[in-house]
Amino acid sequence: MANGIQPDITDLPIKEIDISTILYIGYILIIAYIAVRVLSWVLMRLSERAGIYRISVTMAIPLLKIAIYSTALYLFITAIIEPSLSQLVAFAGLFGAALGFGLKDVFADIIGGIVITFERPYQIGDKIAIKEHYGEVIDIGLRSTRIRTPDDSVVTIPNFLVFNQSVESANAGKTEMMVVIDLFIDPESDAGLAMNILKDALVTSKYVYITANRPYTVLLDDFPFYKRVRAKAYVNDLRYEFEFKSEVTRRAWMAYSREGIRPPQVQRILPETADQNERTSEPST
Amino acid sequence: MPDEPQGSAESVGASMFKDELETITAAIESYGEKPPDNIAMISDPFAGQNFIIEELRHRYPDTISYLPFFSVVTSKDFIPNLYTAKDVVIMERCHFLALRKVGGFAMLDEFLDFISSSEKLFITTWNSYSWSYLNAVRQIEGFFPEIIHLPKMDSKTLKELILSKYEGARIEFIDDRVIEKKQGFEVLERKITLPFTNTALTIPWISYSPGESKKEEIEIEDAVFNRINIIADGNYGVAQRVWERSLDYPEMKTSNIPEVPCAVDLTINEAFLLTIILSMESIQLVDLAEIAGPEINIDQNLYRLIQHGLVEEEKGYFHIKPEALKCVCNYLTRIRMVW
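Order-wise, the sequence lines are chains A and B.
Residue 224 in my numbering is what sits at position 224 of the first sequence, and the numbering runs on without skipping anything.
Residue 1188 in my numbering is what sits at position 188 of the second sequence, and the numbering runs on without skipping anything.
Derived by calculation from the structure, the hints in this document are not laboratory data.
Wrong hints could be hidden among the right ones.
Mimicking SDA-like on lysine to any residue, the simulated pairs with C-alpha atoms at most 25 Å apart in a straight line are [stated by the list, open to error]:
| no. | chain 1 | residue 1 | chain 2 | residue 2 |
| --- | --- | --- | --- | --- |
| 1 | B | 1326 | B | 1247 |
| 2 | B | 1101 | A | 228 |
| 3 | A | 199 | B | 1293 |
Just chain A, same shape as in the assembly (with noise of 0.2 Å):
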């Protein structure tokens, strides 16, 4: 069988390569470019028109580009050679391992583009957290996920992290996402209506999105020197979670500071550290 097979691989046919295969292989590769870079310009304006389905349209985008590179690769070989099945498939396994050894980083990235493509741990649009790093996805390629954190800084993240570090995904391809609150106040301020207040600031909110399915909470929770008034909801679209966070605790903490709830107090926080400002601030008679 062995025997059989081998004639057929090292009499591989390789196309007679002049001028005009090159044309053509760089025709491949350019349009294979501008059609992924134009379609996936084209799915992004979409996505920002489609509302709620924003990040179902941008879901597309990572397949497409596999699609189009997968083609162009197929087209660029066949320019070259003109295998048959076996041939075809010997001299894939032989490139793989050959390429594997010097660029296996590059190759981890790609299957793990493919994987992420697929199985989805995360899409364009969602927010997720990966090693260190937090953000928006902007772009799924096929060799590294790049993300947009809070501070507008872009994060190129190879993608062969995804099999070996957790991926956290804030709002799994939808595009309300929920949102934590916390205010501290001084254990004897009135929890109960830091607590309603803050439920009134939360639900009031213009960022805020609430159903059956994506109800809100307010919690109370007891600490030594403070008390904690913790608000969870979602917000209506993910991008708005900073803005949401920040106009609620404002809006909360106008209304305590009308209502006379008051922040934690540094002495009883830290009451040496107070006494000794306040040792230190006294006049000296």
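Using the hints provided, position chain B relative to the given structure of chain A.
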């Protein structure tokens, strides 16, 4: 121009909501036999719930107390009226009991406290978007065992309802539409000849047809109301408004029915104000400012909403422009400002 004749739209309107009226009538008739099932009637702005209320007041003048709200409720003054009201109380526009701000649910809570311990039957009307919101944040449907959603009307019903005002008068419908062209893709057969052979093959071929002259084969009256209903989306008030603006009595030309393009792209603050105006149906500047707080510039945002043709002002009250209602609702639902 002669005066436009006025017919009995109210009675026709009441017959359009026959099922809803029957449900409420049954609740009123059975009052006293069992604990009352309070009723919440939920409808979109301009949808015509006033037909039902008018009919109920007409049928039960001695049994019903009518306590409507006309603007945002800021004090508990309405509570004493509830004590002295008759056994059946109609409370119109109850969405004015809540204001979307910190502490803005106090009046609603007072009202819900009252009806929880009252033996009277409350028939309440709510804006559908306010209802969805208040139900999500306060679960108010638990206080109203009977919930009635006003249905959308079809073109035929709208036609009947609107033309009922012109009984005995003749309206001339004129079809001056630009001939509609049927456009689209179609599958054709195409013959091809394979290269280097003389073999001819027939293959399916997709072709774009720019159009052929075809008029819809429907009555001109129906065509007019179909077109109105595309804008109104089954909403009586909107249809009425479009009709009135298009009618050049006694002529109704199809070309007078306006096109209502819907390409809305608003900032979050504009969208929020639009949501409030939609939910409250009609709201004063002072109440809008109360909700918006210091971070939203009311004047600038309202100006832009009016410029976009989405909102209009009438005697100090802001409301959604009826023709834009469908567009506004679709947009706000799409960006999840209303649920």
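Do the hints match the structure? See the list:
The hinted pair formed by residue 1326/B and residue 1247/B meets the criterion: a straight-line CA distance of about 21 Å does not exceed 25 Å. Of the supplied pair hints, the one linking residue 1101/B and residue 228/A holds, its CA atoms being roughly 22 Å apart against a limit of 25 Å. Distance restraint check for residue 199/A and residue 1293/B: the Cα-Cα separation of roughly 17 Å lies within the 25 Å cut-off, and the hinted pair is therefore satisfied.
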